[in-house]
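Fit chain B to the given chain A structure using the hints.
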Amino acid sequence: MKKYYLVGIILACLFAFSACSNDDDNDEYAPFTPSESSGAYIMNQGSYYSHISSSIGYLDYGKGTLSDSVFVTQNRMTPGNTLQYGLIYGNHLFAIAYESNVMFIADKNTLKLQKTLKVNAPRALAASDGYIFVSNYNGYVTRIDGHTMTIKDSVKVGSNPEEMAVANGYLYVTNSDGLNYAHGYANGKSVSKIKIATFTVEKNIAVGLNPIKALADSKGNVFIIAAGDYSATNPSILQKIDAKDAVSNIANASMMCVDGTKLYAIYNYTDWSTYTTTNMYFSVNTETGVKTDNLITQGVQYPLSINVDPVTKHLFITADNAGQRGADYSGAGYVNEYKADGTFVKKYITGVHPVQVVFNIK
Amino acid sequence: MYTLDEVKVTTTPYNKDIHSAVPIQTLGKEQMQRQGIVDISDALNHFSGITLRDYGGAGGIKTVSVRGLGAAHTAVSYDGVTMSDEQTGQIDMSRFSLTAISELSLVIGDNFDLLQSARGAAAAATVNVNTVENDNLFSSDFCPHYSLHLEQGSFDRYNVLLKLSQRLSRRFAFTTVGDYLYSGNNYPYTLVNGLTSMRENRTNSRMNKVHTEANASWNLGSKEFLDTKLYYYDNNHHLPGVVVYYNPYNGEKQQDKNFLGQTRWIKGFSNGWTAQCIGKFNWSESKYMDKNDIYSGGALLQNYWQREVYVSGLLSYAPMKNGGISYGADYFFNNLNSNQSSNANVSRHSILQSLTANYNWWRMSLSGRVLASTYINHSDGVQSSKNFVRLSPSAAFSFQLLPDELVYIRVFYKDIFRVPTFTESYYYHLGSADLGPETTHQLGVGVTLQKHISSWWPEIKVTADGYLNRVRDKIVSIPITLHVWRTLNFGKVDANGLDITLMNRFSITKGHQVVLSGNYTLQSVKDKSSEGSLTYNKQLAYTPEYSGNISLAYETPWINLAFTGFGASNRYSTNEHSHGTQLKSYMEFGGSIWRNFKFVGADWELRGDLQNMFDKQYDIVSGYPMQGRSYRISLTIKL
Chain A
0 MKKYYLVGII LACLFAFSAC SNDDDNDEYA PFTPSESSGA YIMNQGSYYS HISSSIGYLD
60 YGKGTLSDSV FVTQNRMTPG NTLQYGLIYG NHLFAIAYES NVMFIADKNT LKLQKTLKVN
120 APRALAASDG YIFVSNYNGY VTRIDGHTMT IKDSVKVGSN PEEMAVANGY LYVTNSDGLN
180 YAHGYANGKS VSKIKIATFT VEKNIAVGLN PIKALADSKG NVFIIAAGDY SATNPSILQK
240 IDAKDAVSNI ANASMMCVDG TKLYAIYNYT DWSTYTTTNM YFSVNTETGV KTDNLITQGV
300 QYPLSINVDP VTKHLFITAD NAGQRGADYS GAGYVNEYKA DGTFVKKYIT GVHPVQVVFN
360 IK
Chain B
0 MYTLDEVKVT TTPYNKDIHS AVPIQTLGKE QMQRQGIVDI SDALNHFSGI TLRDYGGAGG
60 IKTVSVRGLG AAHTAVSYDG VTMSDEQTGQ IDMSRFSLTA ISELSLVIGD NFDLLQSARG
120 AAAAATVNVN TVENDNLFSS DFCPHYSLHL EQGSFDRYNV LLKLSQRLSR RFAFTTVGDY
180 LYSGNNYPYT LVNGLTSMRE NRTNSRMNKV HTEANASWNL GSKEFLDTKL YYYDNNHHLP
240 GVVVYYNPYN GEKQQDKNFL GQTRWIKGFS NGWTAQCIGK FNWSESKYMD KNDIYSGGAL
300 LQNYWQREVY VSGLLSYAPM KNGGISYGAD YFFNNLNSNQ SSNANVSRHS ILQSLTANYN
360 WWRMSLSGRV LASTYINHSD GVQSSKNFVR LSPSAAFSFQ LLPDELVYIR VFYKDIFRVP
420 TFTESYYYHL GSADLGPETT HQLGVGVTLQ KHISSWWPEI KVTADGYLNR VRDKIVSIPI
480 TLHVWRTLNF GKVDANGLDI TLMNRFSITK GHQVVLSGNY TLQSVKDKSS EGSLTYNKQL
540 AYTPEYSGNI SLAYETPWIN LAFTGFGASN RYSTNEHSHG TQLKSYMEFG GSIWRNFKFV
600 GADWELRGDL QNMFDKQYDI VSGYPMQGRS YRISLTIKL
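Heads up: the sequence lines are chains A and B, in that order.
FYI, the numbering for the first sequence is 0 to 361, going by numbering that gives the first Met the number 0.
FYI, the numbering for the second sequence is 0 to 638, going by numbering that gives the first Met the number 0.
The following block holds chain A by itself, in its conformation from the complex (with noise of 0.2 angstroms):
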């Protein structure tokens, strides 16, 4: 037996040495312009209130399949519970999980785990030059090395922060003040610009109410939805903050992905009177403003999120089930997969209550 044990360290040994020696000759974190997409990993929430753990299921593109089963048969253990923002980032998917406050790390491809991370309260993720940043709810950005895989420092920023964007060698981040919902969130309504080369916040940038979403286009604007307070007189708007960091109204929009600088965008809009809501799908030039309305028609119910693969331009929308009335929170959800003009193409039943898509891209 003890034979077996010393062959099988001593190969692990060669594995690692000749890990190390191909990050050496490349850094893996190098900024690259992606060329081919093999599949999605589905960020699913699970319920906290049902108490159905998180999953990440995976859509092989080439199989046209998706299994939710892919971290649990790989690791033997689930992606903890609230699992709230997924990242790929070098050879790693970085995913975090709220209520278990871990970060795991695992390899983009088989997603076999290589690191599982202790931090507090995570919301969002970002990444550059080598960095893995994550918001943390109490008020924090944590920024972890990539190389190493450990905790390096963190910076504070605004109340209850939540997803960030990367643009000119800064770190936009989103202070929602979102538990501070009954003062009107009072100690939101700002972003947090951080020099990364630094990792120090150089300035707060005031925006609308309860800013909860982040990202950035290729030309360094970045783009922030401040959801409002879910009322008829505060509804979620989409805000652009240009390389000045001078902030404007877009459109209404409650959830968005980019590609280049083609940002497309859901508005949930409630009737307040009704209590009905309905689904606006359209898309915006960055640069121009122009917006295009009725991008989808064969849209969902109750979408979670929109995204788009930046090679094969597909776009992908998580959503709830129906349930009794309202959505099903605790039932399967599933994902819808577009054509970049809006034609469907096929629906994938997913895991409960999907956030968001990770396209493994090369």
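It is worth saying that the hints were derived from the structure and are not from the lab.
DSSO-like cross-link-like pairs, simulated, lysine-lysine; straight-line CA separation at most 30 angstroms:
hint	chain 1	residue 1	chain 2	residue 2
1	B	Lys320	B	Lys460
2	B	Lys615	B	Lys28
3	B	Lys491	B	Lys473
4	B	Lys597	B	Lys162
5	B	Lys527	A	Lys346
6	A	Lys346	B	Lys537
7	A	Lys192	B	Lys290
8	A	Lys261	A	Lys192
9	B	Lys637	B	Lys28
10	B	Lys15	B	Lys162
11	B	Lys252	A	Lys117
12	A	Lys218	A	Lys361
13	B	Lys509	B	Lys450
14	B	Lys290	A	Lys151
15	B	Lys450	B	Lys320
16	A	Lys239	A	Lys194
17	B	Lys290	A	Lys114
18	A	Lys202	A	Lys155
19	A	Lys155	B	Lys290
20	B	Lys460	B	Lys15
21	A	Lys155	B	Lys252
22	A	Lys117	B	Lys290
From the structure, some residues in chain A lie toward chain B, with a derived Cβ separation under 8 angstroms:
hint	residue
23	Arg75
24	Met76
25	Thr77
26	Gly325
Derived Cβ-Cβ restraints for the label pairs, each shown as a range:
hint	chain 1	residue 1	chain 2	residue 2	range
27	A	Ile348	B	Tyr630	43 to 51 angstroms
28	A	Arg75	B	Tyr630	30 to 38 angstroms
29	B	Gly435	A	Lys361	57 to 65 angstroms
30	B	Glu199	A	Lys218	47 to 55 angstroms
31	B	Ser101	A	Arg75	50 to 58 angstroms
32	B	Leu390	A	Ile348	48 to 56 angstroms
33	B	Tyr535	A	Thr296	26 to 34 angstroms
34	A	Ser247	B	Ala298	34 to 42 angstroms
35	B	Lys615	A	Asn108	36 to 44 angstroms
36	B	Ala298	A	Pro30	39 to 47 angstroms
All C-beta atoms, glycine included, are put in the ideal place defined by N, C-alpha and C.
Same frame as chain A, but now just chain B:
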């Protein structure tokens, strides 16, 4: 001088379980001890027709749903007066310590007692918790009587109860109780994460509970009594929270305080009239804290205060032995305020009137009640919840099949509703002031039997009751968007089922007795809200299709033994029966051994209990593991 022929008297004590036209199940203190019942959840599990929702451990919330109607339709009465929590609409049964309880009973429907206050008839089912043994109070001597109960159990559990009762004069007697419980509740459980199992411990779950009360009883002469109670309860506990993978930390704490004073005056007049008055004041405070630096200030603090004033008057006229009529009128005022700027101060006036009639003729008995309810709501600043005026009828019929045998058939019908709770009406972004009442309709048919078979099998009791229950306009919260939920009168539930209870007493030789008892509950509780939805026609979450318990007690002059088991079939934690949300069936067993003896002039009881002896790992509420194997040792000294 005549010598009377020896008459063999088979004493079958009058038994509510058998004679009542509605299902009434009673557990006296002695019976609980005999059946190896150790805590309140054990006791409730001995009632047929209930579904206990238990968040595990001594500190876990325990609520009772009867016959598929939902826990908000179960009232809890403490020494004859209804307890209230208008915020949640539910009473957490874990507040009661079994050692202080003299009798626990479950009434399904309405007991049609002429002396029942209107409010006591305003729920679909009632759990009665009685602590005062009045009969004993006035039959004892004039010496002080002490009772000391000391208990130690697994997971740092310590319980001390001291009771003093004394009859001071022919007319006045009192009891005082002090009851303290500390429990660490840090029990181990098996955590299954994906394909991996590991042993973990519950953390952040210790509790400190004090309950103290004083009861005074005046016998004012010729069928006139005045009883008064002062009660204080303080439970300072940590909340372990739902099990979260990779993260055992939970910073939630709660302190519940409750003070109440209640008094009841009753006078019987010679011509069949009886008058009764009840008054009550209730104050409760609930302070919740979630210590976590995600909140500004480092913690979320939610404090709620509730008050109640209750008065009740009743007049009953029973001129003949076989019938009577009564009228009762109740008024109560409840209010709720909090430290949350998003929640308004809310209040409710309730006026209930009931007219009750009973009539027995030949081998039949017939009862009926009409309850008129008026609820008037008020809130500061925001829209008030709707006001309601309703009439609710109920009726029962029973028939003794054979003149000389205790075999009855019984039928009852009850139509009752509950008003929306303050949370359902007003909670920030969730509550709706437009809500109507949630209604229930109960129809029950049953057979009961009690028989003396032979000298070695002196007693068998069987009850079998079927029912067809309907819940309409069920109050449910529905997501409008991800962040906005609305509460609507939307749900419909059809609950049909069968409840069976069985009790056998065997007398082996003098002083040796075996009691075998059990119950079985079969229930189909289906969502009928909207055809074609994912939940339609599926068994409601956390509702087993069948459940039951069995207990075997063996009593000897030297030592007593009890063996008990209870279990339930598979359940789902979601109404849609989502993949991976099935909770496996379970069966838990326990055993008790105890001995009573006299020593230095006192009565002693030494007792050991083993709960969940096979260390069955299961959840009743998903993510809240139940306690595995545990023991308790107790000593009770009565002087």
